[in-house]
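Visitor: Just so we're aligned, residue -3 is where the sequence shown starts under my numbering, counting upward by one.
Mixed in with the good hints there might be a few duds.
[What the hints assert, rightly or not] Using 20 angstroms as the maximum straight-line C-alpha spacing, the simulated EDC-like pairs for lysine to aspartate or glutamate come out as follows:
no., residue 1, residue 2
1, K324, E357
2, K387, E357
3, K360, D304
4, K387, D315
5, K184, E200
6, K410, D284
7, K68, D98
8, K161, E90
9, K387, D246
10, K273, E254
11, K387, E398
[Unchecked claim] For each label pair, taking beta carbons as the anchor points, the in silico distance ranges come out as:
no., residue 1, residue 2, range
12, D284, D304, 22 to 28 angstroms
13, V207, E81, 49 to 55 angstroms
14, P204, S110, 25 to 31 angstroms
15, L186, L72, 42 to 48 angstroms
16, K68, I174, 18 to 24 angstroms
17, E123, K160, 22 to 28 angstroms
18, I146, N269, 40 to 46 angstroms
19, V207, K288, 39 to 45 angstroms
20, K133, I55, 48 to 54 angstroms
21, K283, E139, 51 to 57 angstroms
22, S326, D304, 18 to 24 angstroms
Worth flagging that the hints you see were computed from the coordinates, not collected in a lab. C-beta atoms are modelled at their ideal positions from N, C-alpha and C, and glycine is treated no differently.
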Amino acid sequence: MYYALITLVFSILLYLIFTNFLTIKNENIKIKSALSKVLSISANDPATEYLIHSLEEKINGINKKLELEKIKRNNLYSILNNISESIMLVFYSEDSNALILDYANKSAQSLFISSNFLGKKLSEVLEDHNIIDIILKSYRLDENISEEIIVYSPKKSFFHCEIKKIFLESEKNQNYRIVVLRDITKEKELELMRREFLTIMSHELKTPLTVIHGYSETLLMSDEKLSPQALRFLNIIEDESSRLTRLINDLLDISRLERKDYEYSFKEVNISNLVKKVYMIFNSLTKDMDIKLNLDVDDDLIINGDEDRLMQMLYNILDNSVKFTHIKDSGEKEVYIRLYGYDDEVILEVEDTGIGIPERERNKIFNLFYRVDKSRTRQVPGTGLGLYIVKQILEKHRAYIEVDSEENQGTLFKIIFKGRNINEASGYNS
-3 MYYALITLVF SILLYLIFTN FLTIKNENIK IKSALSKVLS ISANDPATEY LIHSLEEKIN
57 GINKKLELEK IKRNNLYSIL NNISESIMLV FYSEDSNALI LDYANKSAQS LFISSNFLGK
117 KLSEVLEDHN IIDIILKSYR LDENISEEII VYSPKKSFFH CEIKKIFLES EKNQNYRIVV
177 LRDITKEKEL ELMRREFLTI MSHELKTPLT VIHGYSETLL MSDEKLSPQA LRFLNIIEDE
237 SSRLTRLIND LLDISRLERK DYEYSFKEVN ISNLVKKVYM IFNSLTKDMD IKLNLDVDDD
297 LIINGDEDRL MQMLYNILDN SVKFTHIKDS GEKEVYIRLY GYDDEVILEV EDTGIGIPER
357 ERNKIFNLFY RVDKSRTRQV PGTGLGLYIV KQILEKHRAY IEVDSEENQG TLFKIIFKGR
417 NINEASGYNS
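Produce the entire structure from the sequences given, and follow the hints as far as they go.
Guide: Shown next, in the form of structure tokens:
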């Protein structure tokens, strides 16, 4: 019984194989016959049969390559559809005088008002025109663009938008643009919450701190005889309330500087005189700290800027340099201030011989509340706000700052301004 069953299964398999072979053979005969008619050749000729066989193999090879390309294309689409950023491929059609959408991943499709979007005008599938405007700007300027934009449809969202020029081979050689939109709505909401919190907290704390500081100062200056312990406690209260007041003032200053509607008072500033003025303030302080302050300034260098904010910027940098030079255990303790002109630039350098900044932390020192390695700087008072304020001020002045530092060797801050003939003051508030 068992062997009979095996024999039956084997017979069925042989039948299926033979039937399939006959089907394939018949198909080949049909193909050969069709090719013979098209090429006007004899199907029974061995040379012709070899040619047809070679042609058949090439067609099969092309079909396999085509299938592989389809798989690659599907894989690429799958990758693009699983990217969180919205990606679109568009080109400008001169025939219709409009932007045409050639591709969009799933994230981008969530912005559309129509599911039928391929080959459509971008204005037909996008209700919000801010995206269209920035793409057209890229075509108008003929350059890549990177900006933050607000999109109001289907809901209010903030995006970091990048428009990249790209050349793709096509029938009409269209000038394509890749549009990449990264949703930064949560980041913006958190930033707004932080600003509101800092502003409210700073205002609420300022009044009680002023009262505490005022009363402690009054008691210290009064003729009342106080015990040594009471005097020590009052001095601690005054020092700590003063420190908190400075912190609150810095936070309020930051909230003002970060506001887009905050206006700087730009005018022509003799930065040479400004640097000399700040030098005089610090020179008397550094003598008591056994630090030598060196000044090397070219006269009458002029830039466009806000004099008060520039003084605040220089004060913060010098304050850092002096503090971190003062805590150095041994070796020379010097701070150098240099100001000079180079081509159309004005360059300000503040260099110290202090404890330096570790390489791993160098790019973080301008972050809000960031302080370099607390184990090394515990004895230095500070909140991590000074250099953040410096960055905000320099950004408004369209200046940039470079930092070069070596641990235990010192730090160099190099600030580069454009001369007064390059940028007009009226352009800075834009």
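Visitor: Work down the list of hints and note, for each, if the structure agrees.
Guide: Going through the hints against the structure:
{"no.": "1", "hint": "K324 with E357", "result": "holds, 19 angstroms"}
{"no.": "2", "hint": "K387 with E357", "result": "holds, 16 angstroms"}
{"no.": "3", "hint": "K360 with D304", "result": "violated, 26 angstroms"}
{"no.": "4", "hint": "K387 with D315", "result": "holds, 15 angstroms"}
{"no.": "5", "hint": "K184 with E200", "result": "violated, 24 angstroms"}
{"no.": "6", "hint": "K410 with D284", "result": "violated, 27 angstroms"}
{"no.": "7", "hint": "K68 with D98", "result": "holds, 19 angstroms"}
{"no.": "8", "hint": "K161 with E90", "result": "holds, 17 angstroms"}
{"no.": "9", "hint": "K387 with D246", "result": "holds, 14 angstroms"}
{"no.": "10", "hint": "K273 with E254", "result": "violated, 27 angstroms"}
{"no.": "11", "hint": "K387 with E398", "result": "holds, 11 angstroms"}
{"no.": "12", "hint": "D284 with D304: 22 to 28 angstroms", "result": "holds, 27 angstroms"}
{"no.": "13", "hint": "V207 with E81: 49 to 55 angstroms", "result": "holds, 51 angstroms"}
{"no.": "14", "hint": "P204 with S110: 25 to 31 angstroms", "result": "violated, 58 angstroms"}
{"no.": "15", "hint": "L186 with L72: 42 to 48 angstroms", "result": "violated, 34 angstroms"}
{"no.": "16", "hint": "K68 with I174: 18 to 24 angstroms", "result": "holds, 19 angstroms"}
{"no.": "17", "hint": "E123 with K160: 22 to 28 angstroms", "result": "holds, 24 angstroms"}
{"no.": "18", "hint": "I146 with N269: 40 to 46 angstroms", "result": "holds, 43 angstroms"}
{"no.": "19", "hint": "V207 with K288: 39 to 45 angstroms", "result": "holds, 41 angstroms"}
{"no.": "20", "hint": "K133 with I55: 48 to 54 angstroms", "result": "holds, 49 angstroms"}
{"no.": "21", "hint": "K283 with E139: 51 to 57 angstroms", "result": "holds, 54 angstroms"}
{"no.": "22", "hint": "S326 with D304: 18 to 24 angstroms", "result": "violated, 38 angstroms"}
Checked against the numbered hints above, the structure violates hints 3, 5, 6, 10, 14, 15 and 22; every other hint is satisfied.
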